[in-house]
Structures are given as C-alpha cells and as structure tokens.
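Going down the list, the sequences are from chains C and F. Last residue of the first sequence? That's 226 in the working numbering, and every number before it is there in order. Last residue of the second sequence? That's 1144 in the working numbering, and every number before it is there in order.
Simulated from the structure, these hints should not be mistaken for lab results. Values in this document were obtained by computation on a predicted structure and should not be read as measured data. By construction, the Cβ of each residue, glycine as well, lies at the ideal position given by its N, Cα and C atoms. Take the hints with a grain of salt, since some may be wrong.
[Claimed, not checked] If we take Cβ atoms under 10 Å as the criterion, some of the chain F residues that face chain C in the derived model are:
id, residue
1, Val1016
2, Phe1027
3, Val1058
4, Gln1061
5, Glu1088
6, Val1125
7, Leu1138
[Said to hold, decoys possible] Pulled a few chain C residues facing chain F out of the computed Cβ check, cut under 7 Å:
id, residue
8, Leu95
9, Ile140
10, Leu202
[Claimed, not checked] Computed spacing ranges between beta-carbons, pair by pair:
id, chain 1, residue 1, chain 2, residue 2, range
11, C, Leu14, F, Trp1020, 19 to 29 Å
12, C, Ala207, F, Ser1086, 44 to 54 Å
13, F, Ser1065, C, Ser201, 25 to 35 Å
14, F, Phe1024, C, Gly199, 22 to 32 Å
15, C, Ile8, F, Ser1139, 13 to 23 Å
16, F, Glu1088, C, Ser201, 47 to 57 Å
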Amino acid sequence: MRLRRWAIGTLIALLVFAILFLPCYGWKLRSWLSPQSGAAGGDADSPNLAAENDALKAQIAAYENGASRLPSSGGHYIPAMVYSRYPLNFKNEILVDAGSANGIATGTAAVFQGMLIGRVTKVFPHEALIQTVFDSGFEIPARVGTSSYDGLFEGGSYPTVGSIAKNAALRDGDVIYAAAPGLPYGLPLGTVSATSTSGDSLFTDAAVAFPYDMNGIQTVLIAQSP
Amino acid sequence: MMRFILALLFLALAFVLQFWFASFGVFINFILAALITFAFVFDIWDVLVFILAAIFIVNWQPAFSVEIFLVAALPLAAHLVSRYASFEPWAADSVSIFCGLLVLYLAVAPGLFIADWRMFLTDLVSCLIFGSIAFAALSRRESR
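Produce the entire structure from the sequences given, and follow the hints as far as they go.
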C-alpha cells in the first residue's frame, strides 16, 4: 500500500514536470495517436496543382485590379512544422514550431501551398498559435473573382463569403482572395463552390471550396514581421 | 493494479477515438467522459494521475486555457459528487457526464451550443455510451 502511494506520488510529480517543462513530448505523443488524413495535405512547399491554380487565379485577379501598381507588401516567409491541433470542437487552431525568436508577430499570415490558411493569434518564444480559416471566429475582408467583388470571409466548419453585392456576377471556380489590413494583398483563400442569396435578400453569399485538407497539413509558411 | 491498467487502456482508447473522429471533423469528448467515469471508480490520487496524463497529451499550446482547466476541474467535481451523491453510481456517472459536457459547452462556446444543438446531442450520446461501457468494465473488475 505504501509502495503504491509512493509510485502514484512519483507519477504525479513526473507528469506535472512534463506538463510544465516538456510539453513538446506530449504533442509528439499526440501526433502518433492522431491519424493523418494525408489527402491533399503534407508540406507547404510540395506541389498541389489545385492550390497552384488558385494562387495563379488570385494573382491575375489582383493584377487586373491594379495591385501591380501598389508598393509590394511581400515579406519573407519562414517554414514551420505543425506541432499540435486544438483538440475540441469549439475552435480550429494549430500550434507551429516558430515563435517570436524567429521574428513572428501576432496578426501575420500563415500560408500553405500559396493559400492563406490562417493568421497568427498568439506568439510564444519558440511557438506560435494560428487561428485557421476554419475557426468560427476568423473573419477578414476578401475579394471575389477578376471583377474583385468585395465581401466578408467568415470562417467555420463550412466557411462562406458574405455581404457580396447582390448583382455580382459570380461563377463557380471564381477565386476568393484576402484584402485585409496586416495580411499580404491577394493571397488566395479558396474558390467559389456555390452561391445563394442572403437571408435578408440584400446580398449574395458564396460557399468556399479549398484545394487542401486542413488535417493533412504538416508544415506551413509564416510571414515574418518586418 | 489490474483495474488501474484497465483504466489506462480505456484512457488510451479515448485518446485514439477522440483524435480519430476529429480527423474526420467529428468531435466527441471521449477523454472527458473517461475522466469523469474514473472519478466514480478510483480515489482522488489515481484520478489526479489520469487527469494529468490527459492534460499532458490534450494540451495544444504552452499556455493556460479555459478548456484545459475544465478538463481538470470537471472530473474533480465529479469525484466530489461520487462521495456525496445518494443515488446509484452508474446513474450519478451518467448525470455527471451530461453536466460536465453542458458546462464545457456553455463555458467555452455558448453560441455554438445554441446554434448547433445536434452536435451537442451526438457528443452527449457517444460520451454516455463510452462512459457506461468504461464504468461497467471497471466496476466488474472491482467486484471480482
């Protein structure tokens, strides 16, 4: 009985130490327990034709809208590995292995295969937390198609772009790209997969299709603060 | 000792199930259900070991969060319930799982709970089934 108490006490002390000082081992253990869906996922630099296609469409749309005449806001991106993911159903966040020591600041863009997948919300010395586009709290101004219709990208399990002009001539496959302060202009978010009239009949809403699987992402690129 | 190992196996199964379902976009709080069930079977120190092991693996960031606090606090509250509840332990376990999930949803995302009550219902039913199986297995082991 006494031996058991000692064993339990030691186990508790070891676990407290691991939680406070060695959390990365918990993340590694979890990555073994979590299946990677893999499809259309993987590394930030590995080729994905659908994502490349969306990135090119976004570039064309941004250039046709006069973005080429603006001063370039492009900075340096650094690769970061995905450590862990939010484990419950209330948010969609990922933790990556680059932090303030690597020049990452809050609000900067996270990119996967040329697509904007989220924004840095918390920075630790060697890690950063990214709120992904699938988080219900993710909202940024966006533009749609080569005519650059203004809209509001709203994240969630099924992200949409709302508040688009009712008479906007949208087609399935039109690119949706970011037009938000603090993020590089013209980064593609996805493409239009369906359109509908908003509940109040004043705007058009667009459902968004993505060329990647969020659960399969293993590395991302993060914009370094200037 | 065998019961403790069996509980560890149930906790490992809860991890695998929760992360496996999550990879398909279905989120069920098997880990919380397992921890609440353990609170009705084990003493406080054993429960503490399970809670700390769960936090070590579930915590997704090197900082404090309400979610992790609740994953630790709700099983401890359930342990208090187990000591003072006057009705059958299996019923108290099910009621505690229901209350635990309700508190988690209301504390972290009350809007989501109202907007998507079917998600809560799926989560609740799955957790009650998992919790009942774990409780039955661990209680049977105890009575032998």
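Right, here's what the structure says about each hint:
no.	hint	in the structure
1	Val1016	6 Å, holds
2	Phe1027	3 Å, holds
3	Val1058	5 Å, holds
4	Gln1061	5 Å, holds
5	Glu1088	28 Å, violated
6	Val1125	15 Å, violated
7	Leu1138	17 Å, violated
8	Leu95	5 Å, holds
9	Ile140	19 Å, violated
10	Leu202	22 Å, violated
11	C:Leu14 <-> F:Trp1020: 19 to 29 Å	27 Å, holds
12	C:Ala207 <-> F:Ser1086: 44 to 54 Å	52 Å, holds
13	F:Ser1065 <-> C:Ser201: 25 to 35 Å	40 Å, violated
14	F:Phe1024 <-> C:Gly199: 22 to 32 Å	29 Å, holds
15	C:Ile8 <-> F:Ser1139: 13 to 23 Å	21 Å, holds
16	F:Glu1088 <-> C:Ser201: 47 to 57 Å	55 Å, holds
When the structure is compared with the earlier hints, violations turn up for hints 5, 6, 7, 9, 10 and 13 and for no others.
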